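**Q** With chain A held as given, fit chains B and C onto it using these hints.
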Amino acid sequence: MSLLDREASGVVMTPDNIRTKRLPLAVNLGIAVAGLAIAAAVVYGFGIGNYVLVVVLGVVFYLIGLQIVAGRIEGPRTARDRMWKTLIYAACLLAVLPLASVVWTLVSKGVQRLDGNFFGSSMNNIGARDPEGGAYHAIIGTLEQVGVATLIAVPLGVLGAIYLVEYGRGRFANTVRFFVDVMTGIPSIVAGLFILSFWVLIVSPWFNNGTPRFSGFAASLALTVLMLPTIVRSTEEMLRLVPGPLREGAYALGVPQWKTILQVVLPTALPGIVTGVMLAVARAAGETAPVLLVAGGAASINFNPFEGGQSSLALYVYQQAGDASRYAPARAWTAALTLVAIVLILTIAAKLLARRNSLSK
Amino acid sequence: MAKRIEATNVTSYYGSFKAIDSVSMTVEPKTITALIGPSGCGKSTFLRSVNRMHEVLPGARIEGSLTIDDQNIYDPDVDVTAVRRMIGMVFQRPNPFPTMSIYENVVAGLKLNGVKKKSVLDDAAEQSLKSANLWNEVKDRLGRPGAGLSGGQQQRLCIARTIAVEPQVVLMDEPCSALDPISTLAIEDLMFKLKDRFTIIIVTHNMQQAARVSDKTGFFSIDKTGDPGRLIEYDDTQKIFSNPTEKKTEDYITGRFG
Amino acid sequence: MGDNPSSRSENTTASDLGVTGRHTRGAGTGVSPSSHDDPPIGGGGALPKKARFGMEAGFKGLSVAAGAMVLVIIVAIAIFLISKAVPAIRADNENFLTFNQWFPNETEPRFGIAVLAFGTVLTSIIALLVAVPIALGIALFLSHYAPKRLATPLGFVIDLLAAVPSVVFGLWGRDVFMEPVREFSGWLNKYFSWIPIFGGDGPFGRSVLLGSLVLAIMVLPIVTSLSREVFRQTPGMNEEAALALGSTKWEMIRTAVLPYGKPGVIAAVMLGLGRALGETIALAMTLGIVFNISFNIIENGGNSIAANIANAFGEANETGRGALIASGLVLFAITLVVNMAARAIIYRRREFRDSAA
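Chains as they are written, first to last, in our numbering: chain A, 4 to 364; chain B, 12 to 269; chain C, 533 to 889.
Excised from the complex, chain A in its bound form:
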């Protein structure tokens, strides 16, 4: 008699029996229906809740029933396997629900103000009773702030990544790499506060007769702080994927290292770098908190990021959401839809580009 037979009485299988009974699908469905029915009877019988509770209790009853029945038929191990599988599938369904709700609300509420006026006008002179008003100024703000931030963050980030991959050895490089990762986790509000205390409150008064100046450029600086680590990180990964022989081939021809990097390494990694930049841009475009603190949030159109306040789409959503006017929610949702569209288009384009990129395979 084998050890397993002796010690593990639950083991149905013996050397002479490798057969097992399966839980038929009909029984499985039967348990589900019974679970729901009992749940409905309990909930409505005692009057303790609505259909949501029926579903929740039904799932609980189903899992218990499944465990008991499957345990009888298939043995406890298979039953446990089945239960975890059910739970894991349930987790996925549960996560899709809020996402579906967000998408549905965005589209259904967002189309209300999806008109020319919304994209062609600002909130200048729009009172609480005016149904018009648009996000033109906010869109300009977002484009300019993110654009300037990209202009600053991309060269800095790419150079930083070049340092980490091509030059960086030893302790200092490891420290930089570590803090790049840490920096990705800095809350956006802290980046905003940093630019507030550094640029708006300390530096900008020098150019502005001693009074602090809120501006789109300050928002760009805050977004730069947030974009920089993302760009360094993604660029670093792409540069590492460039095959070593490609570099060595250039060195063997007597090309200096800096030229090799600029003319061989960077072009090879370019599609991947662009992907990383697009993802960083998408993230920056959606940031509200730093813009709220340093951009000033003007309601009128202002093309100059260095002077006068600016708004941004994300900030506009926040402002309209807090506005008492009964026309504000529609504006907020339409702006949110626009923002999500911009962000998702950028993200999807970046991911498709990454998929076509031969390096990352």
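Possibly wrong hints are sitting among the right ones.
Lysine-lysine pairs mimicking DSSO-like chemistry, simulated, CA-CA at most 30 Å apart [stated by the list, open to error]:
no.: 1; chain 1: B; residue 1: Lys122; chain 2: B; residue 2: Lys150
no.: 2; chain 1: B; residue 1: Lys127; chain 2: B; residue 2: Lys204
no.: 3; chain 1: C; residue 1: Lys794; chain 2: B; residue 2: Lys129
no.: 4; chain 1: B; residue 1: Lys122; chain 2: C; residue 2: Lys794
no.: 5; chain 1: C; residue 1: Lys781; chain 2: B; residue 2: Lys127
no.: 6; chain 1: A; residue 1: Lys88; chain 2: C; residue 2: Lys781
no.: 7; chain 1: B; residue 1: Lys122; chain 2: A; residue 2: Lys24
no.: 8; chain 1: B; residue 1: Lys141; chain 2: B; residue 2: Lys204
no.: 9; chain 1: C; residue 1: Lys781; chain 2: C; residue 2: Lys794
no.: 10; chain 1: B; residue 1: Lys128; chain 2: A; residue 2: Lys88
no.: 11; chain 1: C; residue 1: Lys781; chain 2: A; residue 2: Lys24
no.: 12; chain 1: A; residue 1: Lys24; chain 2: B; residue 2: Lys127
no.: 13; chain 1: B; residue 1: Lys141; chain 2: B; residue 2: Lys128
no.: 14; chain 1: B; residue 1: Lys250; chain 2: B; residue 2: Lys204
no.: 15; chain 1: B; residue 1: Lys235; chain 2: B; residue 2: Lys259
no.: 16; chain 1: A; residue 1: Lys88; chain 2: B; residue 2: Lys127
no.: 17; chain 1: B; residue 1: Lys127; chain 2: B; residue 2: Lys141
no.: 18; chain 1: B; residue 1: Lys204; chain 2: B; residue 2: Lys41
no.: 19; chain 1: C; residue 1: Lys781; chain 2: B; residue 2: Lys29
no.: 20; chain 1: C; residue 1: Lys781; chain 2: B; residue 2: Lys129
no.: 21; chain 1: A; residue 1: Lys88; chain 2: C; residue 2: Lys680
no.: 22; chain 1: B; residue 1: Lys128; chain 2: C; residue 2: Lys794
no.: 23; chain 1: B; residue 1: Lys122; chain 2: B; residue 2: Lys206
no.: 24; chain 1: C; residue 1: Lys794; chain 2: B; residue 2: Lys150
no.: 25; chain 1: C; residue 1: Lys680; chain 2: A; residue 2: Lys24
no.: 26; chain 1: A; residue 1: Lys88; chain 2: B; residue 2: Lys122
no.: 27; chain 1: B; residue 1: Lys122; chain 2: B; residue 2: Lys41
no.: 28; chain 1: C; residue 1: Lys794; chain 2: A; residue 2: Lys88
no.: 29; chain 1: C; residue 1: Lys680; chain 2: B; residue 2: Lys29
no.: 30; chain 1: B; residue 1: Lys128; chain 2: C; residue 2: Lys781
no.: 31; chain 1: A; residue 1: Lys354; chain 2: C; residue 2: Lys680
no.: 32; chain 1: B; residue 1: Lys127; chain 2: C; residue 2: Lys794
no.: 33; chain 1: A; residue 1: Lys24; chain 2: B; residue 2: Lys128
no.: 34; chain 1: B; residue 1: Lys150; chain 2: B; residue 2: Lys128
no.: 35; chain 1: C; residue 1: Lys680; chain 2: C; residue 2: Lys781
no.: 36; chain 1: B; residue 1: Lys122; chain 2: C; residue 2: Lys781
no.: 37; chain 1: A; residue 1: Lys354; chain 2: C; residue 2: Lys794
To give an idea of the interface, some chain C residues facing chain A are shown, with a C-beta separation under 10 Å as derived from the structure [said to hold, decoys possible]:
no.: 38; residue: Gly590
no.: 39; residue: Ile670
no.: 40; residue: Val700
In case anyone wonders, no lab produced these hints; they're calculated from the structure. Just so we're clear, the structure is a prediction, and the values are computed from it rather than from any experiment. For each residue, glycine too, the CB sits at the ideal point set by N, CA and C.
**A** Just chains B and C now, with coordinates in the frame of chain A:
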């Protein structure tokens, strides 16, 4: 204890690719059977079909029948986990669980099967490690990580882990290919010892090894890349290595091919 | 950049010698391959001398500066936040760490971080309690259960979820999700009010529960995608070893996948925590923003450091701003610690894996 395996027209696929084509062979209990042949000829695929590890890979499926003492392991009402418990497997590269100690590695299979009593587990661990010729080397450090052992010791640890659940058949997929000659010798010694209790099938690239350890030898080959592998010849090891029937076998054995 | 003109002469087109510079450093010496005293080697005359201030040095200097910029920024954040926070804390008439009200704009400013810190931690922890089990479930589904045809698009959707701006989640939480949460809170209150966290008399809705649930949805993708990567990296041979011992799929996951992924999952959870602690706008739009310490999670209420900054910034005077910056400094310190711990775990694990391979 050990069981007879009978394969009839076993054909395995990876998706639409046919890896082996109607292999039939009978493996007697308490023997060592070696499977040899060039790379990609499907001998590992056949081995993995014997304990249904083949189907772990996505898209893999199988036709034909494989019986163990007259029970077809591919019958629809067969419990896969029971099959694998009965037919243990040792892999090409030693693969002890990296997060577990030596002791935990050996008793992992028993714990999975619901054995909880400490004394029983201790006994089983000691017996298995002794059977795997590893006890003397590790008895003082059972609590240390299994990954800290040398390659040969790790492979013997994996063998101990496999035989701890008392299988009927032990499959070995090139168990020595990642090991040095001395460790290889240790494993070969171990196989002779285990032969008393288990039916062993071993896939090997090393023809001397096949000649040394096995009672019977099966030679697999392919016509050209992309074709399915076939069992060319299956006979007593003596005969295969001294006087093979097939020309292809002779070419391979004498080193004229593959 | 001071390109040395002598290195531009005709027979030294392959000048600059970045190549040799790189290789000598690799060998551990800083010596140039040719020095002034060396006799000419071979028949081609003297080897070109290494340019001291060439493009190479300039480019390298630039890239080092860019790398160092990251450290500079982190240090600068600390310095500038402290420089603005200290005067405000000096002006504070109460203990900044323990006082539980926020009146920094009055002539005698009184404010403290206690409520805010408590609220930040409370919402984040509840969010993680909800999000982590679901995220791990999805990660396992994507790495081990779903067929590839389903796993790829679903993983894509999860990544997109991470890209949705927080202001959109805030708006959704306030306009859509609040109603079901209010009903649910009422139900909890009706049947479970004997549990203190579900007690109170209402009103319900704009509560810690709502904020935490919205936050949970937002950290879900982070924890999911990191855990999925970790689970995917489980060595296939360990999974096969478990299966070959006769384990079921779930037992295989428990024996091979989960223990192997544990450090990575811990790091993923901590990164999620970092994100949750710093989340601003979504919480500013869904929490009740009141100043009291309460474990009741369903009554209108709740607050957090970041949400308070967003809400109070508009009306803040100079001391008020300083007070907000001081609270931001606390937040910065907390998230820095959490993130550094998470990264340290990931780095240790990476070294472990590299040395094991």
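**Q** Hey, Lys235 of chain B versus Lys259 of chain B, does the alpha-carbon distance stay inside 30 Å?
**A** Holds. Lys235 of chain B to Lys259 of chain B sits at ~13 Å (cutoff 30 Å).
**Q** Does the alpha-carbon distance linking Lys122 of chain B and Lys794 of chain C stay inside the 30 Å limit?
**A** 20 Å, holds
**Q** Holds or violated: Lys781 of chain C and Lys129 of chain B, Cα atoms, limit 30 Å.
**A** 25 Å, holds
**Q** Given the hinted pair Lys127 of chain B and Lys204 of chain B, is their Cα-Cα distance within 30 Å?
**A** 29 Å, holds
**Q** Lys128 of chain B and Lys781 of chain C: Cα distance at most 30 Å?
**A** Answer holds: Lys128 of chain B to Lys781 of chain C is near 24 Å, not above 30 Å.
**Q** Against the 30 Å threshold, does the CA-CA distance of Lys141 of chain B and Lys128 of chain B hold or violate the hint?
**A** 20 Å, holds
**Q** Verify the proposed pairing of Lys141 of chain B with Lys204 of chain B, using a straight-line Cα cut of 30 Å.
**A** Holds, because 11 Å separates the two Cα atoms, which is no more than 30 Å.
**Q** Within a Cα-Cα threshold of 30 Å, do Lys680 of chain C and Lys29 of chain B meet the stated pairing?
**A** OK: Lys680 of chain C and Lys29 of chain B at ~21 Å, within 30 Å.
**Q** Hint check: Lys250 of chain B vs Lys204 of chain B, CA-CA at most 30 Å. Holds or violated?
**A** Holds, at roughly 23 Å.
**Q** Hint check: Lys354 of chain A vs Lys680 of chain C, CA-CA at most 30 Å. Holds or violated?
**A** Cα-Cα ~18 Å, so holds.
**Q** Assess, step by step, whether the Cα of Lys680 of chain C is no farther than 30 Å from the Cα of Lys781 of chain C, and give holds or violated.
**A** Holds - the C-alpha atoms of Lys781 of chain C and Lys680 of chain C are around 17 Å apart, at most 30 Å.
**Q** Just to be careful, I want the Cα atoms of Lys88 of chain A and Lys127 of chain B compared with a cutoff of 30 Å; is the pair within it?
**A** Given pair Lys88 of chain A, Lys127 of chain B holds - Cα atoms ~25 Å apart, limit 30 Å.
Figure legend: structure checked against the earlier numbered hints; every hint is met.
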